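Asks: Listed below, chain by chain, are the residues.
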Amino acid sequence: MLSFIKRVLVTLAILAVLYALNLVMSKQGLFGFGVPLYQVDLWKMAGINIILAVSLNLINGFTGQFSIGHIGFMAIGAYSSTFATVYYTQGLERWLTGVVGADVAAAIVFTFVILVGALAAAIAGLVVGIPSLRLRGDYLAIATLGFAEIIRIIIVNTNRVGGATGFRGCVDSANGVTCIDESMGRLTIPAYTNFFWIGLFAVITIVVIYNIVNSDAGRALISIREDELAAQAMGVNTTRYKVTSFVISSAFAGVAGALYGHWRLPHPGDFTFGRSFEIIIMIVLGGMGSITGSVLGALVVTFLPELLRQLPGGVYNYRLVIYALLLIIIMITRPQGMLGGREFGLSWLKRSRRLPEGTAAVGASKGVPVAEATVRAEKDVEN
Amino acid sequence: MDTFVQQLINGLNIGAIYALIALGYTMVYGILRLINFAHGDIYMVGAFAGYFIAVKAGMAGPSWGGLVVVLFGSMAVAALVGMAIERFAYRPVRKYSRMTTLITAIGVSLLLENLFVAVFGGQGRGFPQLLQDNAYHLFGNAAISKSQILIFVVSIALMVLLQWIIFRTKVGTAMRAVSFNLNSAKLMGINTNAIITFTFALGSALAAAGGVLTAQYSPTIDPLMGITTGLKAFVAAVLGGIGNIPGAVLGGLLIGVAETMVVGYGGSIGIASTYRDAVAFAILILVLLLRPSGILGTTVQEKV
Amino acid sequence: MAADEINAAGGINGRQVQLIHEDDQGEPGKAATVVAKLINQDQVRALIGEVASSNSIAAAPNAQEAKVPMISPSSTNPKVTQIGDYIFRVCFIDPFQGEVMAKFAFNSLKAKKAAILFDSNSDYSKGLIQFFKAAFTKLGGTIVIEKAYAQRDRDFTGQLTAIRDTTPDVIYVPGYYQEVGVIAKQTKQLGIKAPLLGGDGWDSPQLWDLGGDALNGNYISNHYSVDDPTPVIQDFVKRYKAKYNGIAPDAIAALGYDATMVMADAIKRAGGTECVALRDAIAQTANYKGITGVITLNSERNAVKPAVVLELKDKKFVYRETINP
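Chains as they are written, first to last, in the numbering used here: chain A, 1 to 383; chain G, 1001 to 1304; chain V, 2001 to 2325.
Quick caveat, the hints were computed from the structure, so don't treat them as lab data. Among these hints, one or two may not hold up.
Cβ pair distances, simulated, as ranges [to be verified]:
| hint | chain 1 | residue 1 | chain 2 | residue 2 | range |
| --- | --- | --- | --- | --- | --- |
| 1 | G | VAL1068 | V | VAL2294 | 55 to 65 Å |
| 2 | A | ALA191 | V | ASP2042 | 18 to 28 Å |
| 3 | A | THR158 | G | ASP1002 | 29 to 39 Å |
| 4 | A | PRO305 | V | GLU2005 | 49 to 59 Å |
| 5 | A | ASP103 | V | ASP2085 | 20 to 30 Å |
Fair warning: this is a prediction, and the values are worked out from it, not measured in the lab. The beta-carbon is built from N, C-alpha and C at its ideal position, and this holds for glycine as well.
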């Protein structure tokens, strides 16, 4: 009973903090304390990146499946949710406004379309996952990349969602095409997203993924990562676990997409595989078996370019080069990333999951082949 | 009929370029089981190397000699770049897991692209026309241009050369041995590191040739030109059977033709020509689902 | 250049102009971010930009919301100024530009059949073909085929072969110069004789580098001609070349100059940079004699001006005729 009350209190506290932060970040500020709007955009992007990184980590870091098409699911989430908003929910919202007031109505409708986005992305995850997860490492990577590109190209060719020039929610009305909803006094894709929502879903993502990873299911996933054949031999239904984690991961990417789509209107140029690589950089930087690592990685990748912009000279122009170099150097020197398989600071909250030394999620040699050991031994003998 | 032949020529043309690049992918995968994501960018490096050689040497007008110099020059430069990448980026991570090497490859790819953008600007540049481009009429409306003929001739020549290297020289035999089983080859006394480096050099040279040839045909080069082309070439390698050299050629030609046919004729069945890039990926998905070993590849059982 | 000239002449109403520029790398998402930064962090009072319609459309909502007047020098898609009453432009809009080329093709080139090859990634290109199609068919011509390509494509032989099949009299290619160079070359390779028609997106000194001699014999609609012998224009060209290492100003340069000058003129008339007053002053711009013609902003905040048709010959845009609205 006590732990339940504790959990409720913690939840309320988090919600209050998010609400306060949101006010700080909005135009009016909180007790005169505000954040410049330009920086608010960065924090919003950071929140979305956190959702993307943590969800990708579930499948790449904890299950050991190399998916590099994550952005495709974000795209599906973005487009399906905005599609629902533009073509289906406007009437509902108008009606609800009359019943419970504008803010609550917007919240209800927004929650609904986010769920639509998540569901669409989850279904896509199922469709992509079932055939692809049969494939081995590199092939899986290319298959996921291929699927993400196909998704993007289909979006580019679908005029109903704006095609190559992006979805602005323009609908045919009585006097031609309009992108503004006169009756509500705003764009047809309303900017529902603010820091509160992003923060809320970031927290939800972290909590959910953390709970999955620390459950029996999570241990099954990790066993698949460590040695899939052994896990299968031990009776773990690897296909089911892989597909399930893929679907969950995609669903959260869809949530991120829905949040993004109602903030920066969806544009296919935002969903290229370059963006997939960006998310990969986030989880690699932070450490692929670590949730706090992904959060850190997401923050670094979001804020580092802006910090670089402040530096003199043309350093800012080289920021992508710096990233790439960073990635290579990390892979050569510390492939387990910043946090390896460990979580930061949770040892005093829960029992920490410390992995044995040398068994980092990514980077440890997967067993030394017998022949190589023999050759080395021979070489030693020769010397 | 003449339109069909024309589209076939167009398709085989870009297919030949895909084939040249695919060869590099397939060779490296054969010996290292590594998807060299940066390979498409080597194609771009080759085109830029050719560009700078031509500009520095002051070439402006058509010149066969100039073309030869540019071609071999760019192949040499690309070979060096390929070897450097292998030595400094891939060799240190060879001992780690596959995921690590793949991420490293992605890193190298991003490095090349963004370095070139930062230094040379993302804008396209006009490649000097070293070939007097005439169109030769075949029959009806079908025509083939000089640059298209050049692509066919040079790529066939290079592929024949490659076959000779692989099957008729000691180095080639060593390459085949390493791709069969790296550790056994080492035990047999083969200097595997040297062979691996040589393979990278060879593959990079071929990709660079593809880059220069393409630059004659579509004379705008930019630092991001290798991304999509490289990916499609990789699909070609998978289609033909990754690790299989004739397979890479076959895959390249097939993808080139399929893509052009969709662009040319797809309109009548509702597939807009902007689905062009999706063709390669759709083929990829089909191959991976139905026959992952590719057309000419052999299935490998995973042993415990 | 405009800013430097204004400051050299004593500034506007005695105050100096400071120009802050940012690069959005041609991406609409970045355009929005960059405008947000300029408005919030750099506290700019007015915006000149963007060049391409897709980017202007992405950036304009931020300007409109912050009530910072924005003048686009060259975005021709009608949607740009529809975003709000703080958004202006000093160029003509695509409904007019599409019509210009249709009239030229039908009346001057006596074309009856037209093929279309457009850039599917660009609002500008997609908009122009709609207007061209409407005008051309109204005049009595027929559109025989419509094909698309994506930006950064390098191979157009598939689309061009299909176009060749329909034996058009002209091919309308309202894309950007980066792709047009290769398109022109491959058109010649396939033995297509029909001239290519384009819009102001072709205008760039780099076009010749990318297309060479294959560009000869094609036509574009544009805002001004660098060869126009009018003293005002030639003087501008001379000043520009002197300042920028002998590079001749293309239409974007001339429009950029005009946009800045119009903004400065409006600031002068408004007596300051207060947003509402400035916006009203810009809206009242009438008969301003710019480099690219006499600029009068109508009630939709677009400029009403004639267009010129230029022929591409020997690496130059040669004046052919003027078409009035």
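Asks: Does each hint fit the structure? Answer for all of them.
Replies: Now for the hints, and whether the structure bears them out:
1. G/VAL1068 with V/VAL2294: 55 to 65 Å: Given range 55 to 65 Å: holds, Cβ gap about 56 Å.
2. A/ALA191 with V/ASP2042: 18 to 28 Å: At roughly 23 Å between Cβ atoms, V/ASP2042 and A/ALA191 fall inside 18 to 28 Å, so the hint holds.
3. A/THR158 with G/ASP1002: 29 to 39 Å: holds (34 Å)
4. A/PRO305 with V/GLU2005: 49 to 59 Å: Since the Cβ atoms of A/PRO305 and V/GLU2005 sit about 35 Å apart, the hinted range of 49 to 59 Å is violated.
5. A/ASP103 with V/ASP2085: 20 to 30 Å: For V/ASP2085 against A/ASP103, whose Cβ atoms are near 28 Å apart, the range 20 to 30 Å holds.
The structure fails hint 4 only (numbered hints given earlier).
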